[in-house]
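Take the sequences, apply the hints, and build the full model.
Chains as they are written, first to last, in the working numbering: chain A, 727 to 863; chain B, 727 to 863.
Think of the hints as simulated: they come from the structure by calculation, not from any bench. Fair warning: there could be bad hints in the mix.
[Claimed, not checked] So, partial list: chain A residues that the calculated Cβ filter (under 7 Å) puts toward chain B: (1) G799; (2) D836; (3) V863.
[Unchecked claim] For each label pair, taking beta carbons as the anchor points, the in silico distance ranges come out as: (4) B:R740 / A:T856: 25 to 33 Å; (5) B:R775 / A:D756: 18 to 26 Å; (6) A:R775 / B:V857: 38 to 46 Å.
Beta carbons: idealized from backbone N, C-alpha and C, even for Gly.
2 protein chains.
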Amino acid sequence: MAPPFLIHPIGTVRRQGDRTFIDIDPAFGDGLLGIDGFSHIVVCYWLDRSDTPEARGVLRTHPRANPSNPLTGVFATHSPRRPNPVAISLCRLMSVQGTTLEVDRIDAMDDSPVIDIKCFIPSTRFEKETVRVPDWV
Amino acid sequence: MAPPFLIHPIGTVRRQGDRTFIDIDPAFGDGLLGIDGFSHIVVCYWLDRSDTPEARGVLRTHPRANPSNPLTGVFATHSPRRPNPVAISLCRLMSVQGTTLEVDRIDAMDDSPVIDIKCFIPSTRFEKETVRVPDWV
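Right, here's the structure in full:
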């Protein structure tokens, strides 16, 4: 078994009333240069409430916690209970103040560890390709 | 400093001629149930060639390794050199054979560790929102 890879948090999700902030650790602040040139960012965060051996052992689930949805492999869902509890959200970047980003919304719970931020560059592929999803979606 | 989070690979990228496969570790095969209902998947993989203290310490870079692009924070790029070398690719799922997925293409190098697969569910938000990117894109 290969040794695990190590993820170090770079920041934290902070919910304040109906606003959502991402506080980047000032040690990583240099990594934000130019981010205000983008309207949208991809936020990768850690589902720390699902970082337990039990939750990480789940391989099948009923999507959206709805028992009437068919039993589905976690890799065919966005379930937080999965072997590596990484989550990805596409967010509109509202403002940048120092090392604090304000975003429009995110599914993350308050205080979730942020592990990466990437710029969002739109693709033209979906203008040409048809996207297909199963009925439960 | 909080302890790091641990990522365990769930599979591997395999390039074969001009085709690209993702071999999921059979121990995680149950997680694929129903994935063939989706035309596209999100593949998260580990940039293992950038998993060095030096590469993980890079916070600013010239995007696309082009010195004429402005110096930019890594969180405003897709650079492989970043604190947590996680990469995300949206792929068309061509076929599923046992625990092997064939995808149309992926930026990943051969033998890159795969850390998560998620179904792709299109969003309607970009029909309503304007996406803005800086000149270097």
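Now for the hints, and whether the structure bears them out:
With a cut of 7 Å, the hint placing G799 (chain A) at the interface with chain B holds, because the nearest CB-to-CB distance is about 4 Å. The interface hint given for D836 (chain A) is violated, since its Cβ lies 16 Å from the closest Cβ of chain B, which is over the 7 Å cut-off. The beta carbon of V863 (chain A) comes within 6 Å of a beta carbon in chain B, closer than 7 Å, and the hint placing it at the interface holds. Under the hint 25 to 33 Å, the C-beta atoms of R740 (chain B) and T856 (chain A), about 27 Å apart, fit the expected range.
At roughly 23 Å, the beta-carbon separation of R775 (chain B) and D756 (chain A) lies within the given 18 to 26 Å, and the hint holds. The beta-carbon spacing between R775 (chain A) and V857 (chain B), approximately 31 Å, falls outside the hinted interval of 38 to 46 Å.
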